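J.: Here's the letter readout for the chains.
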Amino acid sequence: MKLKIILKYFFSGCAITLLSITVIAQEKRFVPTGIRIGTDLSLLGISAFSSNRRGYEINGDIDFDKFFLVWDIGHEYRERISPLFNYNSEGDYFRIGFDVNLINPRKNQNNNVMFLGVRIAKAFYDDRVTFSIIDNNYVIIDSFRRNFGLVANWLELTAGIKVRMWKNLYLGYTGRLKFSKNLKGYETLRPFDIPGYGKSGERSLFGINYYITYLIRWKDKPFPPEKDHD
Amino acid sequence: MKIFGVMLIIFSIAGCSEIVDCKRETKTTARISFFKKTDGTSLEIAFDTITAIGTDSIFFTVKDSLSVYDIPLDPNSISTTFIFIKASVTDTLNLGYENQFIIIDQDCAPEIAFDNLEIINTSFDSLKIVERRLLIEVENNIKIFL
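In the order they appear, the protein sequences are chains X and A. Count the first sequence with this note's numbering and you get residues 1 to 230, in order. Count the second sequence with this note's numbering and you get residues 1 to 146, in order.
It should be emphasised that the hints constitute simulated quantities derived from the structure, not laboratory data. Remember, predicted model here, so these are calculated numbers, not experimental data. Among the clues, some could well be false.
Quick list of in silico lysine to any residue cross-link-like pairs, SDA-like style, CA-CA up to 25 angstroms [to be verified]:
no., chain 1, residue 1, chain 2, residue 2
1, X, K199, A, L117
2, X, K199, A, K23
3, X, K184, A, I104
One chain only, chain X, in its complex shape (with noise of 0.2 angstroms):
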């Protein structure tokens, strides 16, 4: 159900991606000369030795001049454990925005990028927690509570680098700032963690994921010409 919604938010995207490289194609330069797909390292790395974290995130960029449209589909699983609780929290996420590269366009014969950007996210997710309790007035709470379908919303300001490291391969990280959250369909457990957010507490969360992404480039990039100083 929740694959069902990010697959509707991601097919809208790639709609209006689709309805804008039309318009704005016209101008040849912001004709798109290749797809960027990748993985986060990080979190592959994090799910092959903890058994508490687990998850995958998908990856993709095009490019639209020295703009990128980016997008990332993840998946998540987290628990938490301690000697009073155990609370998990599962579910999918994504984030589109845009980037900007700032590497001279005349000086950048191997794609690299070095970004500013910006994007929105939305995470979909249920969680749950058995927990013991022990109150001095009443009986040991021994309990069970759980959310269903949560929704998740934030923004994210980056900054990062797109390094080639060996032909179509690409090494390189992303730090973000998320901010402006806002989690939607709780009841009796507040919950503690946001797929692809992090703590839901914070009201803002540094975060930085480490990328592998492979080109496939169907055109060469045009390079502008050096200009005229005479």
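Put chain A on the given structure of chain X with help from the hints.
T.: Same frame as chain X, but now just chain A:
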């Protein structure tokens, strides 16, 4: 390119420099204050017992002569009925509320937070809610006039 190296370090440090504050802001009791119906001044009163349905605990006895009582809400439920016995007179006060399980941090004890206090039913003649939120900073939730 240097600036992006610096940003990488800043982001990494920001992610590691988290300080956990386990301080709780909510309380598990409702505060009741007693006042004289005649002139509205504070009234010190002792009950034989103050108890609640759902527990064997006796919260207060005749030894406690107070004008302010902090009565503990049942975290297993969304309402608690309190029984006030004084001599041969028995009064009841049924309070409703929302309760929510909150994890402040993985390293802190979780808590049940209460909010939106309301009077469902009571045998007291004259009383009013002055504050529905159940926060530590709140001085008084309910005023009872006798």
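J.: The structure should be examined with respect to each hint, and the outcome stated for every one.
T.: Going through the hints against the structure:
This hinted pair does not check out: X/K199 and A/L117 have alpha carbons roughly 28 angstroms apart, beyond 25 angstroms. Using a Cα cut-off of 25 angstroms, the hinted pair X/K199 and A/K23 holds, with the two alpha carbons roughly 17 angstroms apart. Between the alpha carbons of X/K184 and A/I104 the distance comes to roughly 18 angstroms, so the proposed pair stays at or under 25 angstroms and holds.
Of the numbered hints listed earlier, the single one contradicted by the structure is hint 1.
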